[in-house]
Structure formats: structure tokens, C-alpha cells
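Given the sequences, and given the hints that come with them, work out the whole structure.
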Amino acid sequence: MKPKVNDIQLPMELDTGSAVSVMPKRQFEETFPSVKLENVDISFKTYTGEKIIPLGVAKVTVNYDDQCFDNMNLYVVPKGSSPLLGREWLRKLTVDWSKLSLPRKEIHTVETDKKKVSEEIKAMTEKYKDIFDDKTGTVKGIKAKLTLKEGSTPVFCKARTVAFALKPKVDAELDRLEAEGTITKVSHSNWATPIVPVLKKSGQVRICGDFRITVNPCLQVDEYPLPNIDHIFANLGEGQHFSKIDLRQAYLHLEVDEDSKEYISINTQKGLYRYNKLAFGIASAPAIWQRTIEQVLLGLPGVQCLLDDMIITGKTDEEHLANLEGVLKRLSEYGLKINLKKCDFFKDSITFCGHIVDKHGLHKQPDKIEAMINAPRPKDVPQLRAFLGLVNYYRKFLPDLATILSPLFQLLKKDNYFKWTKSCPVSFNRIKELVSSKCVLTHYDPKKEIKLAYDASSYGLGAVISHVMSDGKERPIAFASRTLTKAETNYSHIDKETLGIIWGIKKFHSYLYGRSFTLVTHNQPLSYIFNPKKGISVTASARLQRCAIILAGYDYKIEFRKTSKHANADSLSHLPLKVEEETVSTDMGINALNTAQVDSLPVTTSSVQQETRRDPVISTVVQYTNYGWPTEKFNQELNAFYTRRHELTVHQECLMWGLRVVIPAKLRQDVLDQVHEGHVGVVKMKMLARSYIWWPGIDGDIETLAKQCTGCQQSQHMPKSAPIHPWEWPSKPWERIHIDFAGPFLGYMFLIIVDSHSKWPEVIKMTTGNTSASSTVEVLRTVFVRNGIAFQNCQ
1258 MKPKVNDIQL PMELDTGSAV SVMPKRQFEE TFPSVKLENV DISFKTYTGE KIIPLGVAKV
1318 TVNYDDQCFD NMNLYVVPKG SSPLLGREWL RKLTVDWSKL SLPRKEIHTV ETDKKKVSEE
1378 IKAMTEKYKD IFDDKTGTVK GIKAKLTLKE GSTPVFCKAR TVAFALKPKV DAELDRLEAE
1438 GTITKVSHSN WATPIVPVLK KSGQVRICGD FRITVNPCLQ VDEYPLPNID HIFANLGEGQ
1498 HFSKIDLRQA YLHLEVDEDS KEYISINTQK GLYRYNKLAF GIASAPAIWQ RTIEQVLLGL
1558 PGVQCLLDDM IITGKTDEEH LANLEGVLKR LSEYGLKINL KKCDFFKDSI TFCGHIVDKH
1618 GLHKQPDKIE AMINAPRPKD VPQLRAFLGL VNYYRKFLPD LATILSPLFQ LLKKDNYFKW
1678 TKSCPVSFNR IKELVSSKCV LTHYDPKKEI KLAYDASSYG LGAVISHVMS DGKERPIAFA
1738 SRTLTKAETN YSHIDKETLG IIWGIKKFHS YLYGRSFTLV THNQPLSYIF NPKKGISVTA
1798 SARLQRCAII LAGYDYKIEF RKTSKHANAD SLSHLPLKVE EETVSTDMGI NALNTAQVDS
1858 LPVTTSSVQQ ETRRDPVIST VVQYTNYGWP TEKFNQELNA FYTRRHELTV HQECLMWGLR
1918 VVIPAKLRQD VLDQVHEGHV GVVKMKMLAR SYIWWPGIDG DIETLAKQCT GCQQSQHMPK
1978 SAPIHPWEWP SKPWERIHID FAGPFLGYMF LIIVDSHSKW PEVIKMTTGN TSASSTVEVL
2038 RTVFVRNGIA FQNCQ
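Heads up: the sequence shown runs through residues 1258 to 2052, numbered per the working numbering.
The set of hints was computed from the structure by calculation and includes no laboratory data. Model, not experiment: these values are computed from the prediction. Even for Gly, the Cβ is constructed at its ideal location relative to N, Cα and C. One should not assume that every hint holds.
As the list claims (entries may be wrong) - Cross-link-like lysine-lysine pairs, in silico, PhoX-like; alpha carbons within 25 Å at most:
1) K1708 - K1730
2) K1373 - K1572
3) K1384 - K1586
What the hints assert, rightly or not - Pair by pair, the computed Cβ-Cβ distance ranges are:
4) T1820 - N1788: 16 to 26 Å
5) G1556 - T1820: 51 to 61 Å
6) Q1781 - I1299: 45 to 55 Å
7) Y1884 - K1379: 56 to 66 Å
8) Q1526 - P1558: 44 to 54 Å
9) K1259 - I1613: 24 to 34 Å
10) Q1926 - T1820: 36 to 46 Å
11) P1268 - P1290: 46 to 56 Å
Now the structure itself:
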């Protein structure tokens, strides 16, 4: 059909299966540039169940066969191939079906084909239902082998302390992994990696090995290359629809050969275990898995795979279905499992490797430059300086920069009032277009060095992923930014920086996973905490431990860069895109644990919050934790906190050291009384306290309390008496003698000598001032000459 919409003849596909009339965003902006969209609270679903949220609705005038209707709803959607005329318009428009270029029979055929495809996919999922269950699969006939560098020596680390609250959950998870065959208990191992338990939102625990400090530095990492992105898309060029398959826990499908199992042993509270399958966090895992999955899919047409994601297509629907069934059959034969919730079937377009793929070709993902294009204008001089820092960072790629930025530089002059004049938005928008254009942005290349720079301000996060070119300059691949939620603004500064790392890693996961990259930070403490060659401290906060575990799955090195040279990410964090709070997850996996621990204390959370604000020392530490520590020296009380500054956080207005609550001075006696209940003794009191609470000198306070408590003294275990050991009976006289001084008596000292065998005594009178060692030796010589030297021992 070709109705006139706002006096413009618009070819539209008649779709009686569509409830409304829709039009793709790109075509709408080209055809109706002056028509404004109205907000609409509605969402649509495609025939395959894909959810579509319209960008808005336009009120248009429609003319067709001498029929004219005003205020007709035309919904604009983000993607699509052509406008659709739906049933909402057909209720008003009278259509002469015989004049349509597409017969009704063909319309019916299209709908029938869609339904047929849906039924075919449903039949396949039923036929191969064994690959869609929740169990962990095992690749048949292929095993992973880990190779160590020449001269590597075993590294054995002791098990890390697990908080009392987590011990039952860790035990249960170890039992589950052992029952399903992922790990096996052993009595001895030359290698041992400590575990870090991470609490999930569900309350369960994920066990991760900290292989960064044991086997990873010793591994000879496989050099098997990941597939080139351009090669992947070249093989998908003739596809009409696309399906995407996500493998469930990909690495755990692959068994490890017997010689390699010892290298990935873990040390836990229940003893030593060995992984039977390729564990998450092993440096060689991505290359080993890519080689394996390519062997599994070898010879199948219309399929490409990058790590745990597969994309399938075909020139026709029949060919697509045949290719899809071939993949499912091959996965079933090899024993692999699929996460059905993350799979997409027969989509018009999909996102893969950071690009949008459809039948028209390869497109840039809009959110790659959204953070730059939609960046809000600076509201003050500091924000403007941050933005200009980003522009200056890429100045070598930007032509005529000084002329374009001239209106913005005027705002920085000392005597000028910050006023956003008419020329400022022109300059601001022009420079944003240049920074996000091809002259600055570069395409992703897996062969080039890659860097991820991030930053966190008091109200936003920013991240830039860049390639290092042959001349050493950095060219961005993509930008990203967002505002902090209300809850995140209460994080301490180091937690905001940690959040920035996690968010940046997840945002650009498809670029970073399975290859080496450099993480750039301007926070020097984090450059030590997350150093891939060092282990995370057991007393670090749960946020830091969780971040370390996530980073353990990536091959990275960390680089410290001064703030003055960190302008690309710094600018984005100071001019972030605004996001709705409900779309952002503020929970990094610790809230449930921390809340449970705080609420279980003998004092309430509100009382700890109140006394924390009143305590002069702890309130000062809270301020320093939130806004940074000064460099001057502190008194003795603050020094105890300063040495732990990298492990301190503020949660629910309470100061935390790792998982322990720092108790203000006024509440410490109440907490001690609770810990002391039952007179359990110094050792058990300390063990209990170390799972929940801390303050400077707590060990000394516990010891003092136990020493002053009569009940503790009465109930403590008496030391075991030493066994009586009688002297052996001498075999002859003067074999052993016993000597000692007696006196002073009557003004003299008496040297008494007794033979153990005969009990014969010798008493020699000596003056009180003449009992030195030399005098005693002279007296003994006289006795030995008189009685002989048959003795052997003297006491």
C-alpha cells in the first residue's frame, strides 16, 4: 500500500498480524524530520516473543483512496526494515483488496511461514531437550591440558579464613560440586590455590579459586587465536534471519587431563580438592575453549562461534532451520548444554561482538558513541575543564580544533562570568560529533593492543576502550558513561572506583574477554589491590573481593596513570548520561551478607549509626574513607585505621573493616559482654569477634576481660601436670652426686655434697664472702682427690 502520510506518499507493508502501525526510527527521521514524537507508555512483542519498546508516537494525517483521517497513531520503533500498516488504521480505512500489489493468498503465506518457523523451533527444543537441562555438560573425547613454563616450581597456599556466617554455605557448595563431579577431594597436593567465596543475590555462595597467585604466572598460555571479527561477519553476509546460542558454563564442559589436575587444586576449610574440569580464572582457559568449540562445530555451515556465543544463519528460512538443527545435533552428540533463557531464534537483527548484524549488513552499536553524542552540556567551569581534557586527549586526530573550541575557551577566562552563549552549543555539539566520528573512532582489531580506562566521580561513571596504534597513540573504540544511583552516591570513594571497574568490564565484555588488555586507573591503592600478580586480602571488603574474582577471569595487567593524564575517562564521569535508577543494579553481591551481620549484633544498626556519628575518632575515619585520606601524620588512634584504609568501607552509615563492623567506643562494653557470654575463653572470644566486629586494641580488651573474670578463671582448663620422673639408681658410689650451698649459718656457708648411691654426705665450711665459682671448684677438687673421680653427673 502507498497511503499519503502528512502529504508524503509512503510505501507500507500491509500486516494484519500487527495491532498498530509502526515505522523504523531511521526512516521516520529522514521522511518526517519536523514531526515531534509524543511519549507513550506501551510495549510490543514480535511473533518470536522479542520485546520492543517504541521511542514514541506521532500524530499524522493519512490519505488513501479519497479517504482522509487526522490524528492517526504512527508508532516509531528503534529498528526495522520498512513501515507496517496495522489493524488500528484498517479499522478506519476501507481497502480494496483486489487492487493491492500483494494478493491476500501471499499475505496468508507469510503469516503461515512465521508460524511454521516457530513450530519448527519448538519441535527442535523438544527433540534435543537433553541439551537444555540445568545440569553441567561434559565434552566427549576432548580434554584440556595445562602446560607449565620451564623451571616452574609448585606454589602451595594455605586456606583462607572463612567467616562463620559463610561456612555452612561454603560446605554445601563444596559438597554440591563434589557430587556433580566438578571437584574431587584429595589428601595431598604440591599445588594449592586459596578460594574466595562470593555471595550471590540468592543467598548461595559461588566458590572461585584465586589462581592469579599460584598457577597463572607459571602457565605457558596457549597462543590459539580468537577468530577475526571481520571474518565472522563475512561468513554471515547472506543471512536473512539470525539465531544466537549461549552455552551454559562453557569452561566447565571441558575435562582436564590427569597430569594437569594437580595444578588447579584448591585449599578449603574442608581440605584439599582438585578440579576435574577447566576452572574459571585459568589464564589458558579462553584459548583452550576456543580451540575445542571450533573442533566441535567443524564442518557445519552457517555458524560462527566466539567463546561461549554462537551465531547461526542461512540464505533462506529452510537453510537456516537446517543449519540450526545441525548445530543442536552436534552439541547433543558432544554432550554440551545450552542456556535457553539467553538464546535468540530467528531474529531480524542481533547484537554480536559489539556490533548489530542484520540482513543489510554490519552496523555500529549506537551505545558505542551514545555517551559522547548525548553528553549533557557543562554547567560550571570544573565540568567544562573535564570535557576539554577529553578533547585535548585526542587533539592529534581533530582538525581545526582551536577555532572550533574558541567560544568554550572564552568561558575559562578568569574575569569572565560562566554564561552559555549562543555560540557555545554550536561549538559543543560540533566537537562531540568530531570526537565520535571516524577520524577519532577506530574499529576493533583483535591483533592490536587494547586499553580500558575508567573513572568515577561523586555523581557519575565513565569508561573508554581504546586501541594503541603503531605510533603509540590511543584511539577510542567506544565510549560509555552513566550517573550513579542514589544508593551508589553513598559509597566510599574506593568503592565508587571499584564499581567503575566492574561496570566498565561488563560494558565492554565482548571486547575484553578471552584476550589480554590493560586496565588503566588513576587510583594508586587499586593498582596494588587488583594487581594480577597479588592475592586479595582476606580482610578486604566484599566489594573488593568480588571485583577481584571477576577480574580473575580476564587476562589483564593494571597501569597507574596520573589524574592529569587520565582526561578521557575523567571527562565522561563528570558529564555522565542520566539513567533511570531501576535499570541499574547497585548491589555488588554484599548487601545481603552485610545486613545480616549488622542486624545480628547485640546492638542495633541504628545505635551503631548514631554512635558512629558522635564518636570523634570514628566519625573522622568515616569522613576520610568517603572523601580520601590526607597525607599528614595522625595520632596513635587514627594510625590503626590509616594502616587499614584500603580495606575500610562505609555501609549503611556504619564503618566496616572487611566484613566486620567497627564498633564506636560507647558501645564496645555492650558488645564485649555479649561476646563474653558463657565464659567461652580468650581464644573462642577472639574467634567470634573476628567474624563480626573490630576496633583498635580489641584483642587486648578481650584478654583483660577474661583475666578479670572469676568465672573464666574457674572454668579455664588447668595446664597438664608434668609427669614425675625419678632418678635412675646409680650402679656404683660417686657415679652421681648432688651439691648445694646451705646458709649463711653462724656466720658461715656450708657446701653440702651427697653421693646418690651410698648417701654419703660431705659438708665443707666456707666463709660467706668466699663462695665464688673458683673457690667452689678448689673445694671440689679436694673432695674428688680424696674420694676418687668415678662419678659421671653432678646436680
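Would you list, in rising numerical order, the hints stated earlier that this structure does not obey? Number 11 - this is the single hint that the structure violates.
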